[in-house]
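Numbering follows the numbering used here, in which position 416 of the sequence shown is assigned residue number 416; successive positions increment by one, without gaps.
Wrong hints could be hidden among the right ones.
Taking lysine to any residue pairs in the SDA-like style, the calculated list, with each CA pair at most 20 Å apart, reads [claimed, not checked]: (1) Lys321 x Val354; (2) Lys271 x Ala283; (3) Lys459 x Asp13; (4) Lys271 x Asp290; (5) Lys295 x Pro324; (6) Lys165 x Val153; (7) Lys234 x Val438; (8) Lys321 x Ala293; (9) Lys315 x Glu296; (10) Lys372 x His206; (11) Lys271 x Asp299; (12) Lys295 x Arg355; (13) Lys77 x Arg243; (14) Lys157 x Arg361; (15) Lys404 x Glu129; (16) Lys106 x Asp134; (17) Lys321 x Arg355; (18) Lys182 x Asp299; (19) Lys364 x Trp166; (20) Lys157 x Leu368; (21) Lys321 x Ala283; (22) Lys321 x Glu350.
The hints are simulated quantities; they were obtained by calculation from the structure and are not laboratory data.
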Amino acid sequence: MTQGSSAGQPDFDAVIVGAGFAGMYMLHRLRKLGLSVRVFETGDGVGGTWYWNRYPGARCDVESLEYQYGFSDEIQKGWTWTERYAAQPEILRYQNYVADKLDLRKDIQFETRVTAAKYDAQSGLWTVETDKGDRLRTRFCVMATGCLSAARVPDFKGIGDFAGKWYHTGNWPHEGVDFTGKRVAVIGTGSSGIQSIPVIADQAAHLTIFQRTANFTLPAGNKPLSREEVARTKETLLADRERARQTRGGLICFDYNEALAEEMTPEAREKELAARWTQGGFAFLGAYGDLMATKEANDIAADFARAQMRARVAKPEIAEKLMPYDHPVGVKRLCLDTGYLEIFNQPNVELVDVRETPIERITKAGVLCGGKEYEADAIVFATGFDAMTGAILGVDITGRDGEKLREKWAAGPRTYLGLGSAGFPNLFFITGPGSPSVLSNMIVSIEQHVDWITDCISKLTSGNIRSIEATKDAEDAWVAHVNELAAESLYPQANSWYMGANIPSKPQVFMPYPGGVDVYGQKLAEVAAADYEGFLLGA
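Whole structure, please, built from the sequences with the hints as guidance.
Rendered as structure tokens:
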């Protein structure tokens with residue numbers, strides 16, 4: 001058990017929770033300031049989301065040449081990506097390469113979960129507790145817990161009765177799973193389901209897919225990277241990253257067409273949509289300027305996408321069940337697949353629409369749905385995460401005057417800029433609710449936040465300023481601004497995890513900032529330049 005050596009003295013200048021992309025970069029930046037730092041990580045290695053998500057087919061949906069750190073020319077030139085969209089094992093190898101290069105592990109305590117953090121106004125320190133009995137004091141507490149790291153297993157009746165084995169895509173066995181010759185049930189057809197199902201279908205004797213919500217999915221168009229592509233990026237990455245910060249999504253792999261749908265002829269729209277569909281990735285959403293702004297413009301793209309999807313499925317009645325009609329294209333995270341829709345042409349694959357026939361319970365032999373029992377030797381829950389807030393609120397955080405963050409956020413998360421919450425001094429969130437985070441290239445948003453937090457902490461320590469805390473007025477105004485932007489968009493028209501809709505009883509509030517990485521970055525710079533306007537600096 002670790003404790004401060006004397007009253008008012010911290011054990012560490014900063015504690016970071018999580019050792020994924022965010023926690024690793026935060027550790028590096030704070031060490032460069034000369035601060036003492038301790039990172040706590042639940043896993044036995046670095047990686048965060050990519051440490052846990054080892055399900056078959058797991059792959060990033062941002063192109064690998066952009067899904068890497070942009071702060072070090074030496075690091076990026078020492079690493080070579082092999083595919084357009086990197087698979088989980090390659091991403092994890094990259095993270096371990098960075099950890100080795102920067103010698104990060106010496107300041108990370110692995111296999112340790114932070115259970116509580118409590119602020120003491122008198123000392124100005126946080127007391128952090130872990131499941132290993134650690135109890136230490138720190139001046140700054142940084143939540144680098146990730147937006148998609150709290151796996152959600154549905155509370156189906158009878159799950160304990162199942163005689164076979166069940167798995168969650170967000171907490172996959174590190175030794176892997178062999179489904180050869182087995183009857184497998186997959187529940188969920190979001191991104192992880194769409195990625196894993198083709199791989200499982202190739203192994204399983206029979207695969208039953210339980211779909212609640214049909215999703216838009218595009219062929220990823222994954223391919224090996226050429227030497228020329230890799231070499232070009234090695235020369236331009238740092239400049240590319242600066243350009244990415246000036247875009248809506250933190251991406252430069254495609255351009256946004258600023259022309260409005262009504263300004264284009266039907267032939268021009270069709271040509272633009274087709275070209276971007278073939279290109280793959282999120283380029284499709286940039287086909288014209290109002291695609292994500294009006295239902296009329298979105299309907300054109302959605303109809304095009306459904307036609308392309310429908311053509312990949314041989315049986316019309318199955319194809320129709322796979323068509324997403326209940327939400328505009330792009331308001332849920334767009335799924336990229338490798339052969340997903342084609343697997344429904346295989347004789348060993350069966351689709352069950354649980355909107356027509358809801359799942360009643362898990363039985364000893366499988367899944368009872370609509371009065372029919374679907375037998376299975378294994379069940380895969382591809383049911384996603386308690387996104388953006390789940391991992392943060394998994395820690396019992398107590399701020400000023402004994403206020404619990406869980407209670408404060410009971411009606412939805414409240415932050416200023418996604419960085420801090422009023423009543424919780426010196427507590428920072430990386431890519432927290434109220435920031436672009438999951439609507440962007442996460443690496444760009446992570447670096448944006450870590451750099452801002454580092455500059456802020458540097459100002460506090462060099463200026464002998466005790467604390468920084470979001471004001472309630474600034475927080476209220478920011479929450480209202482995020483809600484206003486979301487209401488003006490198409491995003492609320494889907495029951496998505498952006499809204500928390502996948503978690504029963506979770507308040508449905510649009511959590512990420514939809515204004516764009518570029519606009520958000522300008523706001524961060526303005527706040528810092530105005531002596532951290534909207535934050536209270538404590539003497």
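Checklist line | Broken hints, by number | finding: 7, 8, 9, 12, 18 and 21
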